[in-house]
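Produce the complete structure using the sequences and hints provided.
2 protein chains.
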Amino acid sequence: MSGNKKYVYDFEEGGEHLRRLLGGKGAGLAEMTRAGLPVPPGFTITTEACKEYYKRGPKFIDEIWPEIMEHFRKLEKKTGKKFGDKNNPLLVSVRSGAPVSMPGMMDTILNVGLNDETVEALARLTNNPRFAYDCYRRLIQMFGSIVMGIDRRKFEEALEEIKKKYGVKYDAELSAEAMKEVVKKFKEIYKKETGEDFPQDPFVQLRRAIETVFKSWNNPRAIKYREIHKIPHDMGTAVNVQMMVFGNFGWDSGTGVCFTRNPATGEKELYGEFLPNAQGEDVVAGIRTPYSIKDLKDRLPDVYKQLVKVAELLERHYKDMQDIEFTVEKGKLWLLQTRTGKRTAMAAIKIAVDMAREGIITKEEAIMRVKPEHIQQLLHRQIDPKAKEQHRPIARGLPASPGAAVGKVIFSSEEAEELGKRGEKVILVRPETTPEDIGGMAAAQGILTARGGMTSHAAVVARAMGKPAVVGAEMIHIDLEKEEFRVGDVVVKKGDVITIDGTAGEVYVGELPTIEPKLTSEALELLSWCDEYRKLGIRANADTPEEMRRALEFGAEGVGLTRTENMFVKGGRTDIVYEILLAETEEERRKALEKLIPLQKQDFKEILEVMDGKPVIVRLLDVQFYALVFADPEQLIEQYYKKKYEEGAGSEELMRLENLIHRVRAIRDADPQMGFRACRLGIVYPEVYEAQMRAAIEAAAELKKEGKNPILEIMVPGTAEPNELRFIRRIFEKVLKEVSEKYDVELDVKYGTMIESPRAALLADEMAEICDFFSFGTNDLTQFTFGWSRDDAERAFIHAYLKKKVLPYNPFQTLDDKGVAKLMEWAVKNARKVKPDIELGICGEHGGEPRSIEICHKVGLDYVSASPWRIPVARLVAAQAAIKEKQQKE
Amino acid sequence: MSGNKKYVYDFEEGGEHLRRLLGGKGAGLAEMTRAGLPVPPGFTITTEACKEYYKRGPKFIDEIWPEIMEHFRKLEKKTGKKFGDKNNPLLVSVRSGAPVSMPGMMDTILNVGLNDETVEALARLTNNPRFAYDCYRRLIQMFGSIVMGIDRRKFEEALEEIKKKYGVKYDAELSAEAMKEVVKKFKEIYKKETGEDFPQDPFVQLRRAIETVFKSWNNPRAIKYREIHKIPHDMGTAVNVQMMVFGNFGWDSGTGVCFTRNPATGEKELYGEFLPNAQGEDVVAGIRTPYSIKDLKDRLPDVYKQLVKVAELLERHYKDMQDIEFTVEKGKLWLLQTRTGKRTAMAAIKIAVDMAREGIITKEEAIMRVKPEHIQQLLHRQIDPKAKEQHRPIARGLPASPGAAVGKVIFSSEEAEELGKRGEKVILVRPETTPEDIGGMAAAQGILTARGGMTSHAAVVARAMGKPAVVGAEMIHIDLEKEEFRVGDVVVKKGDVITIDGTAGEVYVGELPTIEPKLTSEALELLSWCDEYRKLGIRANADTPEEMRRALEFGAEGVGLTRTENMFVKGGRTDIVYEILLAETEEERRKALEKLIPLQKQDFKEILEVMDGKPVIVRLLDVQFYALVFADPEQLIEQYYKKKYEEGAGSEELMRLENLIHRVRAIRDADPQMGFRACRLGIVYPEVYEAQMRAAIEAAAELKKEGKNPILEIMVPGTAEPNELRFIRRIFEKVLKEVSEKYDVELDVKYGTMIESPRAALLADEMAEICDFFSFGTNDLTQFTFGWSRDDAERAFIHAYLKKKVLPYNPFQTLDDKGVAKLMEWAVKNARKVKPDIELGICGEHGGEPRSIEICHKVGLDYVSASPWRIPVARLVAAQAAIKEKQQKE
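Protein sequences appear in the order of chains B and F.
Note that my numbering has the first sequence beginning at 15, numbered continuously upward.
Note that my numbering has the second sequence beginning at 15, numbered continuously upward.
For the record, the hints were derived by calculation from the structure and aren't laboratory data.
Among the hints, a few may not be true.
Stated by the list, open to error - Residues from chain B shown here face chain F by an in silico Cβ test under 10 Å; the list is partial:
1. F690
2. A774
3. Q797
Source: prediction; values computed, not measured.
Ideal Cβ positions, reconstructed from N, Cα and C, are used throughout, including at glycine.
What follows is the structure in structure tokens.
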């Protein structure tokens, strides 16, 4: 021993705070021991000893031995057993354990302490000579190969020979006598290969085992592992020496696994299995069937009581539901391992909430414990997990839109639509979808495509519709003529029922039972706690009264984005849009727009009524005007022309149409993302925005007259220049004044913009002067900041970027914290400098994505806005972000 | 007089520094007087007097009158004439003159001082009673209508009557006697309308005239004018009282206009005309023909000497070529007006250089004096200005690509190409052009289209080809079937010769003579001065050895951008590209690329040899790979497939083609600007960039072996993320090492990137760590910063934005100083923080645009890179920016 350095720690002396010195396993065993849990006693030789070992040669440090011996004597005292004792021998395991987990990389030797005499004692004590000799032969084999470097195959071949001799196939079938013969054979091999007898002195076994563990720190695979995982090579491993326990000492012994709560439902009850008079290996071998933990209550009430107590202790100590492995040796419970137990989403939420109620954890901890996926999972219809275990998917694709759906396979959208109308449940199966399939998709329960990515038409539309979809399932071969698809040998014909799992991206033949989506009472409780902690407000992106009602149910505090495009085309309004398009002068356009105003006013009234007392952001028209009615303007106008011609339209009307065709051709966008749309439209045709604003503001005025409390906010999309906002604001103020006078009410309507272009973000201070609020449109902002179109990126190169580690994640899914979030931060800072009370939010898709919501919190937004189904998750993540921030400050 | 305030200034007392007090005209007259120039003497009543006039009523300030009288007496003394004198009467003009020019808005009264007696004296002195009485009747008319408010038509009708009576058509044809009759008639009108006689007291005339000028400050049109031009209403006008001079006092008198240098050529010589014994009005009337100023030398040598002296004085004083109006009264030269003379581009440059050489101005001033347009104009073939005066354009369009072109009208691109091959000069006339017209455009002398804007296909391609083009000439109606076009009544048929002026956007019938473009020796001298002052380096965007040679002639110091796309397709290389595209594995792709390397190496050698010793930035492939050969990939591959099929290709080859079609379809860009191109290609198919780099670096190595000094810089396009640069840099370094070893030479090749996305600019510090240089690609950077596609913006909405003053200028032409330039500034600052010696330039189109070059200077770039023809302008503007900065610091 060098000076007064302490190289050996009893489990009672250690703990998590000494992880670097005692390794992960040693620290964990110490932690459990000190928590009063029944852990087989033992001690840990520190990583410092290992370092010293390498420093000196590598060479065993003789000075440590007395310190080890000292702790070993204590161990004997604690266990009441003695190393090498003929009646009650102590057996120990010698295990590695580095400060950083390196699973399976280093060596472990079990059953140290067995020799020709103690094996007999073990046989007597367990009343199982076969088991005792099996332990012994394992020790010789491990010690021989690991410590002494004998080729492992030599032992295996010898074992095979004896099994052949007795005509058995498995080791377990060998009798006690045969096992003794194996031991004899193994000792011969040992002697032949090493030139010496297998050491009968347990202390020699111990010392060599310890040295071997030190040595294994630098075996080639451990070095390789550290290189890959960037673990320093000079950390060293600790060595844990621990008493062996056996569950096969009789019928008051046994082995089991146990969850401290039900991992499926979260109920507070012991859950697991127990196999009496057996070791862990017997459970794995499956020769006997274990019984439920609950039966222990009657069968071994003492053990059950110990277990209940241990579960309580464990949960109090680890503050979470535990999954434990234990052994009962002569009625005494020993914990071999404990870890946080895996659980379903529903259980995770219930356990977190229950534990908080029980005072085991705080509300904050409960919130931090639940993952966004847990909440998300509750919100989609799922395939019953039990059913899933019994079935295999016939194909996999991309999980494009979550949830489960069951229905008859239909290959044509028209047919799907027809059947849908008749109330039939169908799954639309297509090579890929196009806008012409919209009707069929709407009528179907779910969508399955063979091609396309996460942003293919099918994926985008399905998500927007909230319909389960599996896309790009390339293994399915669709034959549209035969109306069938094949996966290998399996043929699925039109009308066959399939089940798709859009959450997992799986396809099953037949109908699998599904579970209704709902937020459990615990989830509702948890979310109400979240509301106490979060600083971010939560709004919804919702366009219809129905969507808004759902958003309110899920806890939305307002609407962050209402799109108005559909208000131009729904319910036969396209004829008016044609008129607007055909207008040749502003005068004519205004006349046509006049007809739209009362209709849209009604739309706005419905929306504002549902959201009464809560803010509603209305976004002005954000598409190219012609795109409202023409997906492919040229072609469709020409069709319209043909139709009119065939209907016998006059030459004047036809001439007007011809003009329209020319105009559309002249201004059709060369670029779908950066063309003539958004507020550019409002600058060139101000009368369109004026009409929209009039409809919305009149709706608010009428509701106010009726005693309601409409809170309207008007949002200008796609700005890049403050003058755009000034120009449109003049119209806004004119309309606001006119409407206020017309209805004789005082109206407080906010005016703001989406921040979607980098320039808008860069000029945030100047923009803020003209605005009451900003809403970051991070979809476009991400596109323009990178100069990447999302469609092209996700189809053509994002995959390679992630694979080649050029990007850590897809910035279209998670906010780009290096670029886009920096722009947002800049904009927030500069806007607040000019107008401290400006209202700042986000309405891009990122607003519903957990990691992005956290960024929004950090950036300092006032709220996030997400689609209704993502609102519960947003509430959770917003609370988690606030708690994390608080913790970092503490 | 209120206190000791001075209300009247002799011309000798004033100057430009008192402009606010004396008005523009008064300050100018004082300036000339004090410079010793022969200006008819006089004095100025200040704007303060005018303000006082309004303060008091408006009412004339009696206290000022003695001060005016005092100055008037001095005036009489100076002139040796007396107001109202029967022998030698003083006549004066009374003119308005505000601090800000308001041309024609306020009143002027001439010939003040004439009455029944002095008119006779004037008749005697001029020996021209007709003239004297004409002056008198004008005074009565002016005074009557302006001062007394008599309807002007009353005088005009009376004059008409008398003309009718004498049977003449023009005033000038009236005899002296007739003119006396007019005076009589006018006095009668005056009496009838005002109830009093026309005032015979010159001082009464003077006082009323002064008051009237004050009054005219607030006449309705002056108020309106100030409102429009945002001129404060409380500024007031000054009043100038000045001796009248007359050029018709005899044959030693006369009137003329004169440039101090030749405004067409810039030669240092008096240039202008003189009409003896005449007033300015006579010149305008065109009754006699004036003779050249040069003839004065012989005819009135004294006057000529005076004029030479005055010209010298004027140029020394105003430091620029002057355009003067003068009158000679009895051999005495009087300057009536002087202003900076208009001149041609060639003259502007020569005058600036000559004046600097003469020591009149400094080199800096010479540089500041020349405008970018002057240099630009010298670089395009122009229509001879003389010929232009004699012809009228039949149509106008947008000046899409500057220069003049003459040729036969041809309506088909195929035919234009055919004729072009035979050496015929043609102008391609099309409704609009498409990529199929490229061949015809290349063969034509110039292009004329009826549709399209400044960024239409025709405009963009013509500019790129350096061919004159007029586009969007909507007044021409093309009939492709008849092969003719009409403008109103004019019909131009196929084969008719026309001349187009792409600088002005004009179309002429017939062949107009043109002037060869060249830089004059003075221009070359001036540009060499510019090189002394400018801090910005000047490089060229050039792709071929020919373009680079031209760039060097124009003064390029390197190549800022060589595009490499054409190296894939020129000279039958498309077959190799097909192979690359058809390759299914990286292995196959590499094999095909191997064939390209030696060919491209040759291209690079040629380029590096021309630019020996100067840096050459080579940009790696920047288009979608498929776009190299397929404008419309799907359609064209299908055509290729059909062709191969018809050629009898084997089924295996066809299958591969089918696969290609599928692949192309799968990855065709949804967005033309933000799709799968630029360095994304180099990440997904690194072997393509590797091949390009190998070709370029091997070229440099071979030249170095030959004793040359190639300076190669490799540029990665379209980056948005530092890891892209790291990824490609690893390949770059591998290739550099391999080539260095292969050739055994030490190679110093720079590695850098274009900054084209906002994100690249935002992450400039991290990008700089990986780069030796940046080059700002401001075309894309502008598109992404705004979120606007240039094509769509310029076609659909920029026009409205400029008209509605939402934007001050088109950011695609001039760098957006609020947004894009801010990003550049940020990037420059952060890049230099990390790497102070990083080389920073610009290669977007803005690099050749004057206002943008100034911004580049301010932002602190090292160089700008522009197309060869814009290099001289860039040299000038860069010098001007440096000088401006210096001046601001001083």
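What are the numbers of the hints the structure violates, in ascending order?
none
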